[in-house]
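> If you're matching positions, the sequence shown starts at 298 in the numbering used here and goes up one per residue.
Everything labelled a hint here was simulated from the structure, so no lab data went into it.
Here a beta-carbon is modelled for each residue, glycine too, at the ideal position from N, C-alpha and C.
Any given hint could be a false lead.
[Unchecked claim] Using C-beta positions, here's what the derived DEER-type ranges look like: (1) Ala-375 with Gly-464: 37 to 47 Å; (2) Pro-416 with Arg-528: 40 to 50 Å; (3) Gly-506 with Asp-468: 21 to 31 Å; (4) Arg-528 with Val-484: 17 to 27 Å; (5) Gln-543 with Gly-506: 15 to 25 Å.
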Amino acid sequence: MKKCIDIMAILLLFAVSVARAQMCDGCEWSERGDRSEGVWKEASMISGGSFELMSVRYKGSLGGDGSELKLFFWQPEAGELNELLVWKPLPSKTNDDVAYKMEPASRQFDAGLQQFSWPRDVIDSLGLSHDYLHTRIKAGDGHIPGLLTTAGLPAPAGGYAFVFDSGAGIDAECTITPAGGSDPIAVFECYEEYGGEVTVEWDGNDTSGRPAADGLYLLTIDGEMLAEVLRPVETVVSFWHRATLQ
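Let's have the full structure, built from the sequences with the hints guiding it.
Pasting the structure below:
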């Protein structure tokens with residue numbers, strides 16, 4: 298009887314290890330020719346401060362019933378990206394400070410529209426939704442907004458979302474300024490009562506409501522964190538604005 302129990306225990310451990318491998322190590326990018334660009338894997342949660350950038354992405358309703366999850370972004374010029382990361386912290390489903398992330402093996406790309414895709418069941422098997430995934434892409438001095446969708450390439454709508462990991466809420470003034478310029482083209486209030494994932498949004502327009510010209514811009518956040526003791530927060534994020542991916 299004991300021998301049967303031991304065999305069942307071994308089989309159970311084997312099944313768990315296989316399921317874990319299927320969830321993480323076997324989930325590869327499926328775009329960019331026949332090369333394997335990266336894998337989903339467990340990794341330490343990215344952290345390092347009380348107010349840290351997690352994501353720069355296009356806003357909009359990007360869902361669909363397609364069989365693939367797709368990442369689109371526009372590379373301003375040919376070269377190597379400083380960073381290309383799709384990730385999601387999952388402290389509620391795993392141990393503390395654990396995340397799932399995916400990075401490509403190569404970051405060398407031509408200028409223009411870039412696309413990655415991978416099977417949607419990869420995301421479903423992890424219990425994730427693309428609506429809650431973060432994209433952090435950077436070329437040179439500027440972050441590149443990413444667009445995640447399970448449909449075809451939609452026109453970005455609603456501007457941008459800058460997501461921060463914040464130790465408290467914020468009450469600040471936000472400005473959008475062309476890189477190398479001194480006068481902001483947009484000024485708006487950034488207020489979030491509670492900490493956690495704090496999102497700052499910009500609609501892509503200047504103060505008069507006209508669309509901003511494509512180019513490199515600076516988002517400056519200057520104000521206070523709403524902790525038990527108020528403390529200043531001042532953050533500058535450089536990013537490439539492009540109104541369309543077509």
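> Out of the numbered hints, which ones does the structure contradict?
none
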